[in-house]
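Protein chains in written order, with the numbering used here: chain G, 29 to 157; chain W, 210 to 311; chain R, 42 to 547.
Note that these hints are calculated values from the structure, not bench results. Certain hints may be false.
Unchecked claim - When the alpha-carbon atoms are kept at most 20 Å apart in a straight line, the in silico SDA-like pairs for lysine to any residue are as follows:
| id | chain 1 | residue 1 | chain 2 | residue 2 |
| --- | --- | --- | --- | --- |
| 1 | W | Lys298 | G | Phe138 |
| 2 | G | Lys91 | W | Phe295 |
| 3 | G | Lys91 | G | Leu50 |
| 4 | G | Lys91 | W | Gly289 |
Claimed, not checked - Which bits of chain W does chain G cover? Going by a derived footprint, with three or more residues having C-beta under 8 Å, they are:
| id | segment |
| --- | --- |
| 5 | 218–228 |
| 6 | 274–281 |
Quick reminder that beta carbons are idealized off the backbone N, C-alpha and C, glycines included.
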Amino acid sequence: MPNYYIQSYIPILMLLAVVILLAVGMLVASYLLGQHRPTREKLTAYECGITPTGDARHRFSVKFYLVAMLFILFDVEVIFLYPWAVIFKELGIFGFVEMLLFLVIVLAGFAYLWKKGALDWTKADSGGL
Amino acid sequence: MPPVTPVHYLFLSMALFTIGVIGVLTRRNVIIILISIELIFNAVNINLVAFSSQFASISGQTFAIFVIVAAAAEAAVGLGIIIALFRNKETVNADEIDLMKW
Amino acid sequence: MQTSDLIRILPEIILAVAGIVVMLLGAFQKQNAGRMHPAIALLGLLGAAGAIAYQYPWRSLDPAFGGMLELDAFSAFFHILFFLVAALVVLSSSEYVAQERLASGEYHALLLFATMGMGLMASSNDLIMIFIGLEISSLASYILVGFRRGVATSSESSLKYFLLGSFATAFLLYGIALMFGATGATNLTEIHLALQAEQNTVTAMASPQLTPLVGPVPTALVGLSIALLFVGFAFKVSAVPFQIWTPDVYQGAPTPVTAFLSTGSKAAAFAVFLRVFMVALEGSAQDWVWLLWVSGLLSMVLGNLAALLQTNIKRMLAYSSIAHAGYILVAFTAHSEEGVAAVMFYLAAYALMNIGAFAVVSHFGNRGERYVEMEHYAGLGYRAPLLAASMTVFLLSLIGIPLTGGFFGKFYIFRAALHADLVWLTVLGVLNSAIAAYYYLRVIVFMYMHPAAEQIPVERVRPAMGFVLIFSMAATFLLGIFPQAVLDFASQAAALLLENLGNGVL
Chain G
29 MPNYYIQSYI PILMLLAVVI LLAVGMLVAS YLLGQHRPTR EKLTAYECGI
79 TPTGDARHRF SVKFYLVAML FILFDVEVIF LYPWAVIFKE LGIFGFVEML
129 LFLVIVLAGF AYLWKKGALD WTKADSGGL
Chain W
210 MPPVTPVHYL FLSMALFTIG VIGVLTRRNV IIILISIELI FNAVNINLVA
260 FSSQFASISG QTFAIFVIVA AAAEAAVGLG IIIALFRNKE TVNADEIDLM
310 KW
Chain R
42 MQTSDLIRIL PEIILAVAGI VVMLLGAFQK QNAGRMHPAI ALLGLLGAAG
92 AIAYQYPWRS LDPAFGGMLE LDAFSAFFHI LFFLVAALVV LSSSEYVAQE
142 RLASGEYHAL LLFATMGMGL MASSNDLIMI FIGLEISSLA SYILVGFRRG
192 VATSSESSLK YFLLGSFATA FLLYGIALMF GATGATNLTE IHLALQAEQN
242 TVTAMASPQL TPLVGPVPTA LVGLSIALLF VGFAFKVSAV PFQIWTPDVY
292 QGAPTPVTAF LSTGSKAAAF AVFLRVFMVA LEGSAQDWVW LLWVSGLLSM
342 VLGNLAALLQ TNIKRMLAYS SIAHAGYILV AFTAHSEEGV AAVMFYLAAY
392 ALMNIGAFAV VSHFGNRGER YVEMEHYAGL GYRAPLLAAS MTVFLLSLIG
442 IPLTGGFFGK FYIFRAALHA DLVWLTVLGV LNSAIAAYYY LRVIVFMYMH
492 PAAEQIPVER VRPAMGFVLI FSMAATFLLG IFPQAVLDFA SQAAALLLEN
542 LGNGVL
């Protein structure tokens with residue numbers, strides 16, 4: 029069994045070798061052949077030609093985390109809709125009502141967030157959270 | 210090409226599980242710890258789906274869906290708690306969270 | 042699914058609806074309109090309790106949702122206990138919520154959601170449902186622990202609880218997945234049958250296109266799975282060596298939440314612990330009994346010894362709660378019908394006395410939980426005689442003095458252990474309760490025999506808090522003088538839980 033494995037991976041290994049050689053070769057060639065006249069301007073971080081301001085590692089606003097949190101929740105709730113949609117016809121009216129109830133509960137959560145101001149980007153205090 | 214058997218999945222999931230456990234035990238940034246825990250949850254999902262196809266039973270896959278949702282809810286709660294702590298203590302380093310002795 | 046299925050989860054439905062209503066009210070109401078929230082929460086709990094009563098007799102309906110939920114006397118017992126605990130916590134936290142200006146809507150909504158999850162845990166007969174119930178109740182309690190948002194200790198304990206809790210849940214989940222892989226089932230009774238026959242089962246939901254792999258149950262997977270399940274549950278009941286989180290979380294959490302965690306959550310965790318190990322894994326008892334033996338002994342010793350050194354009352358009660366988990370594990374180690382009944386009785390008695398004790402601590406704590414050190418209690422026996430007297434009753438019951446619920450709780454536990462020939466464990470357990478008497482009595486000594494260094498302010502007791510104290514005191518005495526009714530109920534529930542397992546029917 030191990031033999032089989034190695035055989036079936038040989039093309040991938042070859043491709044990998046070619047890719048590595050190519051990349052390293054290009055870097056080495058440009059290093060050896062090119063001219064080097066570093067200036068201060070050239071060594072600064074590239075920011076679309078504009079003079080960079082401040083450190084790149086500054087702190088993100090906590091609101092991003094809040095949005096990420098809410099996104100995860102509402103994004104993943106949808107997963108229940110997939111299996112439901114597949115057998116929607118077999119479930120009939122009962123399944124429909126059931127899913128409506130589920131969505132009402134999700135919407136209740138949404139209404140709560142909205143009212144609390146968690147979705148308001150400009151609000152200074154990000155709601156009750 | 211040999212077939213992929215449930216044992217392969219089991220090994221994959223155990224590897225993920227181990228990586229997750231090591232991550233929780235050695236990392237100091239609470240966000241990374243959270244990610245490691247999510248990794249374990251995904252190891253569980255791989256197991257469940259693999260066993261589910263082994264037994265030709267749908268219950269494992271159903272379970273996996275619930276695990277995904279629970280993991281998401283847990284991540285959201287975790288982020289909320291981390292934000293709350295950060296507002297009070299200005300740190301996400303597990304070593305500095307030491308107001309009470311362990 | 043039929044209507045009977047929905048009736049089965051009626052208590053949970055009522056709690057969820059009440060929780061959502063409270064949550065939305067909290068967001069949409071004007072400021073300071075929080076008076077309605079506790080009332081709605083109590084109504085919801087009452088309605089849920091009514092739904093449990095409506096389901097009587099509990100075994101008459103078939104298991105709901107294809108065997109996922111089993112509403113037997115066992116789960117009814119725990120449902121009633123949870124509702125009682127939640128109602129007492131709602132009542133005793135009204136002072137606290139007002140004083141600390143907590144968001145009352147969210148607070149009560151989360152309490153209701155947590156109670157709902159615990160109810161699901163108690164009645165679930167399937168690993169999937171157990172996981173879902175556990176997650177619902179734990180997620181709500183992670184947030185509740187960090188509810189004093191401006192206080193660093195509260196957020197810190199919330200984070201610790203969350204990280205360690207989800208780590209333990211992940212272990213539990215991996216154990217569940219392995220058990221599913223070993224037996225092909227997630228239903229507890231099916232797992233029991235598969236383990237007994239040493240042949241994995243294929244559930245009714247098997248799809249026709251694929252050929253299932255039927256074969257013997259791999260013992261290694263089962264062993265690993267039992268170990269992982271044990272880790273998960275031992276964490277939730279805060280048994281050694283997975284107790285690390287307990288003192289920090291109990292200290293940093295708002296006091297009423299601590300009361301809720303140490304009684305409700307612990308009882309719920311023990312309910313699933315019992316059901317999984319006694320129903321699904323009873324056949325392989327020789328594999329896990331020694332785990333319980335060691336863990337129970339260590340919990341008692343470590344909990345009691347560490348409690349001796351504490352000066353913070355909440356922290357002391359946290360260590361004592363570890364020790365109590367140890368006593369309960371002693372009865373669990375007996376893994377008999379009597380043992381299960383003893384666990385149930387003890388959980389009820391412990392819940393009532395501990396909620397009472399934490400209610401007093403919460404009241405004395407005053408604004409910002411300033412007065413929770415042992416020395417603050419000096420002289421309180423004369424300045425607040427009634428509160429101090431009730432605290433004394435609860436502490437004596439925690440020691441296990443006769444005439445209190447704690448005495449019969451311990452008595453039944455050690456009797457069950459002796460009947461299962463666990464002589465050493467029993468002797469060590471009794472010795473441990475003697476050690477425990479020291480630190481409980483120390484609080485009483487402080488209250489009555491130490492001069493007060495600092496005159497801490499004692500607020501007037503509001504009616505809701507007074508009711509909680511009187512109720513839990515009365516219940517503690519009732520369980521200590523007439524324990525028979527509760528014990529009979531617990532014994533019947535235990536008998537029903539285990540009835541068909543021996544002969545492999547069901």
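Outcome of the hint check:
1. W:Lys298 / G:Phe138: 29 Å, violated
2. G:Lys91 / W:Phe295: 13 Å, holds
3. G:Lys91 / G:Leu50: Cα-Cα ~43 Å, so violated.
4. G:Lys91 / W:Gly289: Holds, because 11 Å separates the two Cα atoms, which is no more than 20 Å.
5. 218–228: Three-residue rule not met by the segment 218–228 of chain W, so violated; n is 0.
6. 274–281: holds (count 4)
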